[in-house]
Amino acid sequence: MQKLIAALPAESELEGMLAHRPELQVRYRAFMQSVRGDGNLPPRLLELCRVRVAQIHDCAAELALSDAAAPLTAAEIDQLAAGRLGDFSDAEQAALAIAELLPYAHHQLDDAAVKRADELLGHAGCVALLTALAFFDVNCRLKLTLGVEATAQSLSTDHLV
Amino acid sequence: MSTEPRIPSAVPGQAEDFATVTAHTPETITRFFDLYAEFWQRGVVPPELKELTRLRNARITDCGY
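If you're matching them up, the sequences are chains A and B in order. Numbering (the working numbering) for the first sequence: 1 to 161. Numbering (the working numbering) for the second sequence: 1 to 65.
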């Protein structure tokens, strides 16, 4: 697929493409800053979920990123891919159970899975989780559709997508 | 699919809906509505085309909401 050429130099290739609509890019960045940094969820839990959603989509551009604030080991990434979640915390496992279904099997997500996350993370944490998962899914779909290339980069407060 | 709200409203006295449940994360949802307003109310894609694709996407994802 021929990719959309970036409109402006930006922190990431996706942001450069979104800059064809600068007002949209600014708001998307502000929203993702809040998703990743509103304090309702531990950065490591978010990073585990982001990587798992990227694995499900087989999105190389998303998999090439890593969160410098919560880096995962290669072994942890392999565990995610293999569905071996026993070493992760209860809250991480509850979040990953939802992440597993959200991209392509959201109708299979049952009340018990959400209740478990709600109990472990609290109402704000659970809402933050579901919102983050939905937009990790969006980011993968955007990158795959737009033809964003895989470039190893660290996620930071300046570079979020 | 759930037939009952899975998370209670964050707004006292108001029933669960998208706005009152996501109000548990007020900063994030405020920015979401800001983004969504920009997407729906402005831009270069005609509103009719956006609505057509929104309905098609809702049908494909079987989202009655």
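Be aware that one or more of the hints could be misleading.
As the list claims (entries may be wrong) - Once the Cα atoms are required to be at most 20 Å apart in a straight line, the calculated EDC-like pairs of lysine to aspartate or glutamate come out as: (1) B/LYS50 - B/GLU38; (2) A/LYS115 - B/GLU38; (3) B/LYS50 - A/GLU23.
Simulated from the structure, these hints should not be mistaken for laboratory data.
Hint check:
1. Between the alpha carbons of B/LYS50 and B/GLU38 the distance comes to roughly 13 Å, so the proposed pair stays at or under 20 Å and holds.
2. Annotation: proposed proximity of A/LYS115 to B/GLU38 is violated, straight-line Cα distance about 33 Å (limit 20 Å).
3. The hinted pair formed by B/LYS50 and A/GLU23 meets the criterion: a straight-line CA distance of about 17 Å does not exceed 20 Å.
Consistency with the previously given hints fails for number 2 only.
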